[in-house]
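> Could you build all of it, start to finish, from the sequences and the hints given here?
The residues making up each chain are set out below.
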Amino acid sequence: MATPNKKSGSFRKIFVRVITGTKTTYKRRKNNIAKCSCCGKGLIGISKAFNFKIRNTPKTKKKASRPYSNLCSACMRQKIIKGARKNA
Amino acid sequence: MLEIGRLCIKTAGRDAGKKTCIVDIIDSKFVLIDGATRRRKCNVSHLEPLDKVINIKKNASHEEIKKEFLLLNIEVKDTKPKTRTERPKKQRKKKEKSIEIDKKETKKEKTKNPKKDEKKKVKKETPKLEKTNSND
Numbered sequence: 001m002a003t004p005n006k007k008s009g010s011f012r013k014i015f016v017r018v019i020t021g022t023k024t025t026y027k028r029r030k031n032n033i034a035k036c037s038c039c040g041k042g043l044i045g046i047s048k049a050f051n052f053k054i055r056n057t058p059k060t061k062k063k064a065s066r067p068y069s070n071l072c073s074a075c076m077r078q079k080i081i082k083g084a085r086k087n088a
Numbered sequence: 001m002l003e004i005g006r007l008c009i010k011t012a013g014r015d016a017g018k019k020t021c022i023v024d025i026i027d028s029k030f031v032l033i034d035g036a037t038r039r040r041k042c043n044v045s046h047l048e049p050l051d052k053v054i055n056i057k058k059n060a061s062h063e064e065i066k067k068e069f070l071l072l073n074i075e076v077k078d079t080k081p082k083t084r085t086e087r088p089k090k091q092r093k094k095k096e097k098s099i100e101i102d103k104k105e106t107k108k109e110k111t112k113n114p115k116k117d118e119k120k121k122v123k124k125e126t127p128k129l130e131k132t133n134s135n136d
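Taken in sequence, the protein lines are chains A and B.
Per our numbering, numbering through the first sequence is continuous, rising by one, with the last residue being 88.
Per our numbering, numbering through the second sequence is continuous, rising by one, with the last residue being 136.
Please note that a few of the clues may not be correct.
[Said to hold, decoys possible] Okay, derived cross-link-like pairs now, DSSO-like style, lysine-lysine, Cα gap no bigger than 30 Å in a straight line:
(1) A/LYS82 <-> B/LYS41
(2) B/LYS67 <-> B/LYS57
(3) A/LYS86 <-> B/LYS19
(4) B/LYS77 <-> B/LYS41
(5) B/LYS66 <-> A/LYS82
(6) B/LYS67 <-> B/LYS90
(7) A/LYS86 <-> B/LYS29
(8) B/LYS41 <-> A/LYS61
(9) B/LYS80 <-> A/LYS59
(10) A/LYS23 <-> A/LYS35
(11) B/LYS77 <-> A/LYS86
These are computed hints drawn from the structure, not numbers from a lab.
Encoded structure:
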């Protein structure tokens, strides 16, 4: 039987073939890809590693260096151009 | 539209959203920019021109542009130029060698048998007995 903490959805089941039959092992799921909050496109260059690994990753791999890092480059460009044209 | 002194906003890269002005026109595609951004070559498609034009000469220095920007109440942050640091040279490990020599000496001392030395000393002290002929 699996321990109660492994029954939650955060773990994924892996079935391994053994001589006696199949054996179930458990592994943590990876994080989802970071997405643009405007268009929903996946952001490039941001790691989707496990939480415990992300703690030790550098800041440059966790976010883009440009402004509005929650947006993709195309949406960011649109937003900046809109703002510039409004003020002008 | 794009001329020397034209104020623009950069729309790409890490300097996106910052205000710059055109310092020099290189090609039909590229211009030299300076201001709140870094002084660098830039694609025309990565710039959004504004309605203002500053009075500067071609290839004006960063300080001249900075003065003009301050009159327009635009902040310009200067970054410190990086100084090159020399690579650390590898030095021979002198201390370890001395330790090795000591180790060798200790090994030699260890290999010497104290019993054998004692025997040798005893032999040297005792005079050699003269050979006696059995026939006599």
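> Please go over all the hints and tell whether each is borne out by the structure.
Comparing the hints with the structure gives:
Distance check on the hinted pair: A/LYS82 and B/LYS41 sit about 24 Å apart at the alpha-carbon level, within 30 Å; holds. Pair hint B/LYS67 plus B/LYS57 holds up; C-alpha atoms about 13 Å apart against a cutoff of 30 Å. At roughly 15 Å between alpha-carbon atoms, A/LYS86 and B/LYS19 fall within 30 Å of each other, so this suggested pair holds. Pair hint B/LYS77 plus B/LYS41 holds up; C-alpha atoms about 19 Å apart against a cutoff of 30 Å.
Taking the CA atoms of B/LYS66 and A/LYS82, the gap is near 26 Å; set against the 30 Å cutoff, the hint holds. At roughly 48 Å between alpha-carbon atoms, B/LYS67 and B/LYS90 are farther apart than 30 Å, so this suggested pair is violated. Under the criterion of a C-alpha separation no larger than 30 Å, the hint pairing A/LYS86 with B/LYS29 is consistent with the structure, at around 26 Å. Proposed proximity of B/LYS41 and A/LYS61 is supported: the alpha carbons are some 26 Å apart, at most 30 Å.
With a CA separation close to 22 Å, the supplied pair B/LYS80 and A/LYS59 stays within the 30 Å bound. Restraint check: the Cα-Cα separation between A/LYS23 and A/LYS35 comes to about 36 Å, which exceeds 30 Å; the hinted pair is violated. Under the criterion of a C-alpha separation no larger than 30 Å, the hint pairing B/LYS77 with A/LYS86 is consistent with the structure, at around 25 Å.
When each numbered hint is compared with the structure, violations occur for hints 6, 10.
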